[in-house]
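Asker: Read off the chains here:
There are 2 protein chains.
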Amino acid sequence: MINHLVIIGVGSIGASLGLALRREGFVQKVTGVGRGVENLKIAQQRGAIDEYNTDAEAAVANADMVFLAVPMGTMRAAMLSIKDSLPANAIVTDGGSTKGSVIKDFAEVFGSTTQFVPGHPIAGTEKSGAAAAIHDLYNGKRVLLTPDAATNAEALNVVREMWQAAGANVEEMSAEHHDTVLAATSHLPHMLAFGLVDSLAKMDDVDEIFKYAAGGFRDFTRIASSDPTMWRDICVNNREALMASMDRYLDDMKEIYAAVDAGDADKLQEIFSTAKATRDKFCS
Amino acid sequence: MINHLVIIGVGSIGASLGLALRREGFVQKVTGVGRGVENLKIAQQRGAIDEYNTDAEAAVANADMVFLAVPMGTMRAAMLSIKDSLPANAIVTDGGSTKGSVIKDFAEVFGSTTQFVPGHPIAGTEKSGAAAAIHDLYNGKRVLLTPDAATNAEALNVVREMWQAAGANVEEMSAEHHDTVLAATSHLPHMLAFGLVDSLAKMDDVDEIFKYAAGGFRDFTRIASSDPTMWRDICVNNREALMASMDRYLDDMKEIYAAVDAGDADKLQEIFSTAKATRDKFCS
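Read top to bottom, the protein sequences are chains A and B. Counting in my numbering, the first sequence runs from 51 upward without gaps. Counting in my numbering, the second sequence runs from 51 upward without gaps.
Okay, chain A solo, but in the shape it has when bound (with noise of 0.2 Å):
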């Protein structure tokens, strides 16, 4: 139970996290902080807020939790506009998609991340702004927290419970761990698919290399339809965990690429075979 939560940044994901927590009484009062004034009485509407407020430093003075639901590029931002008012016994979590690079920033910004319980909700709609709140939308997703030594233990209980509310499934990580496996599983394939559609726009015949792409392509290349921004920040702040998955991907493609030009069926179907029964064992 908490009585007062401030949420900054009302999207989808913050709103969400409201939406649901009142909903199942968890919070007593729901403060939406942002810049947008429209988002923030839609928010209010559907009810994922209680109230909103345009300072962030004046909404946080009498805050138990803050939930900083703020993109990766502003999240320092965010900290910062809070830290003078931010309440000793406050605790504030996250939603970045990138941890190491948020710790750092909240240990530099409050000399301590003893109040603070690093996040990613596993989850996110295609849709932004409060208008695509969903109530369910952590229900049965994985929610990664990822405290350090510093981190206090009963914040934790209370970060983890906040979201267990919310219908989630929380585990622990370190961050360092977190920014791999993220790396791997989600940073990696958005280069890989930003990579692709890039190289196919710079050929003299784009419009016709595009109509003969069937739905495999589709599929393939979808989030190379995900916001620009967002990405770019999710680069910049898991810079070296993206680069070393990078290599090994780089790495690891020679052995197809020298296959391919060998002309070698054998192991190119060992390659695909392995690959095949892989992913169906993982994604089936």
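If you're looking for bench data, these hints aren't it; they were derived computationally from the structure. It is possible that part of the hints are untrue.
Computed list of chain B residues with no C-beta within reach of chain A, every gap over 12 Å [unchecked claim]:
1. 53
2. 76
3. 97
4. 101
5. 111
6. 114
7. 135
8. 158
9. 202
10. 204
11. 214
12. 217
13. 248
14. 249
15. 326
Derived PhoX-like pairs: lysine-lysine, alpha-carbon spacing no greater than 25 Å straight-line [said to hold, decoys possible]:
16. A/177 to B/326
17. A/252 to B/326
18. B/252 to A/317
19. B/177 to A/326
20. B/331 to B/317
21. A/252 to B/304
22. A/326 to B/252
23. A/261 to B/252
24. A/252 to B/317
Output of the computed footprint for chain B on chain A, the stretches with three or more beta carbons under 8 Å from beta carbons of chain B [to be verified]:
25. 151 to 162
26. 235 to 248
All C-beta atoms, glycine included, are put in the ideal place defined by N, C-alpha and C.
We have chain A; now place chain B onto it with these hints.
Answerer: Just chain B now, kept in the frame of chain A:
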């Protein structure tokens, strides 16, 4: 109108054409050829063929049209099996995913491509066998025909009418262009997806890596569940165009790689924005 159509390889591709043409009354008689009698019986029961024969040489002796619907890896063997009995005025067409290699095989086996109309229906089902055939598989789908200079014009007309009777939109292009376009939009993406899953499968914590994979990853890697044998054969048969496609892609990826490495936010946003705009334009 075709009097006697012989379909060699009564899988979902071949049997779906039989179903469609018999339904439309475009054929007098359809003979199915395959090795598995069980599958041939299913094709007959489902109305995809009138009769079946496990002997290709005997089956084509009175054929007006032969549809080679076997996997790429057995295309040449299928040609060799009908070489001695194929009537001089019979038309041969195929459904193979690469076209240059099939034309080369036909020219080598028959000494001339006059009676050969190479084709590629861009449609398919994930399931295989005659049981997976559907009468409207080709309805509204593209079929690419890639005649060469020697292809008989009347034969080309008949094959075009046959696919149109099955509801397909027929287009013509050179085999070389076909193989380049398909390498870019189909064969290359398959390599990247197989490569990604294969790369992740080699990681120590593969179970955990996949555990946190979200919907985007599933979409992106769906094509890595494709038939390894089919893709082995496509790689071998379209080696040249696929190598050119991989070279171009890997070269273009250097730009993203360098931008991530340098933390070049502007460059990353530019690349991702171009990719998103291109994908949204063509795959909306």
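Asker: Taking the hints in turn, state whether each one holds.
Answerer: Quick rundown of the hints versus the structure:
Distance check for residue 53 of chain B against chain A: the nearest CB is about 32 Å away, which clears 12 Å, and the non-interface claim stands. Annotated as non-interface, residue 76 of chain B keeps its C-beta farther than 12 Å from every C-beta of chain A; the closest such distance is 25 Å. Interface exclusion of residue 97 of chain B from chain A stands, the closest Cβ pair being 26 Å apart, more than 12 Å. Against chain A, the non-interface label of residue 101 of chain B holds: every CB pair exceeds 12 Å, the least being about 33 Å.
The Cβ of residue 111 of chain B lies farther than 12 Å from every Cβ of chain A, with a closest approach of about 33 Å, so its non-interface assignment holds. Interface exclusion of residue 114 of chain B from chain A stands, the closest Cβ pair being 29 Å apart, more than 12 Å. With a minimum CB-CB distance of about 30 Å to chain A, residue 135 of chain B clears the 12 Å threshold, and the non-interface call stands. Against chain A, the non-interface label of residue 158 of chain B holds: every CB pair exceeds 12 Å, the least being about 17 Å.
No beta-carbon of chain A is positioned within 12 Å of the beta-carbon of residue 202 of chain B; the least distance is around 25 Å. Against chain A, the non-interface label of residue 204 of chain B holds: every CB pair exceeds 12 Å, the least being about 26 Å. Non-interface status of residue 214 of chain B relative to chain A is upheld: no Cβ of that chain comes within 12 Å, the nearest being about 18 Å off. Even its closest Cβ contact with chain A, about 16 Å, leaves residue 217 of chain B beyond 12 Å, as expected for a residue assigned away from the interface.
Against chain A, the non-interface label of residue 248 of chain B is violated: not every CB pair exceeds 12 Å, the least being about 4 Å. For residue 249 of chain B, the condition that its CB be more than 12 Å from all CB atoms of chain A is violated, with the nearest at approximately 4 Å. With a least beta-carbon separation of about 5 Å from chain A, residue 326 of chain B fails to lie farther than 12 Å from that chain, contradicting its non-interface assignment. The straight-line distance between the Cα atoms of residue 177 of chain A and residue 326 of chain B is roughly 15 Å, inside the 25 Å bound, and the hint therefore holds.
This hinted pair checks out: residue 252 of chain A and residue 326 of chain B have alpha carbons roughly 13 Å apart, not beyond 25 Å. Of the supplied pair hints, the one linking residue 252 of chain B and residue 317 of chain A holds, its CA atoms being roughly 16 Å apart against a limit of 25 Å. This hinted pair checks out: residue 177 of chain B and residue 326 of chain A have alpha carbons roughly 15 Å apart, not beyond 25 Å. This hinted pair checks out: residue 331 of chain B and residue 317 of chain B have alpha carbons roughly 21 Å apart, not beyond 25 Å.
A hinted pair counts as satisfied when its Cα atoms are at most 25 Å apart, and residue 252 of chain A with residue 304 of chain B qualifies at roughly 14 Å. Of the supplied pair hints, the one linking residue 326 of chain A and residue 252 of chain B holds, its CA atoms being roughly 13 Å apart against a limit of 25 Å. The straight-line distance between the Cα atoms of residue 261 of chain A and residue 252 of chain B is roughly 35 Å, outside the 25 Å bound, and the hint therefore fails. Of the supplied pair hints, the one linking residue 252 of chain A and residue 317 of chain B holds, its CA atoms being roughly 16 Å apart against a limit of 25 Å.
With a cut-off of 8 Å between beta carbons, the stretch 151 to 162 of chain A has 0 residues touching chain B; three or more are needed, and the interface restraint is violated. Proximity of the stretch 235 to 248 of chain A to chain B, defined as three or more residues with a beta carbon under 8 Å from a beta carbon of that chain, is established by the 13 residues found.
When held up to the earlier numbered hints, the structure conflicts with 13, 14, 15, 23, 25 and fits the remainder.
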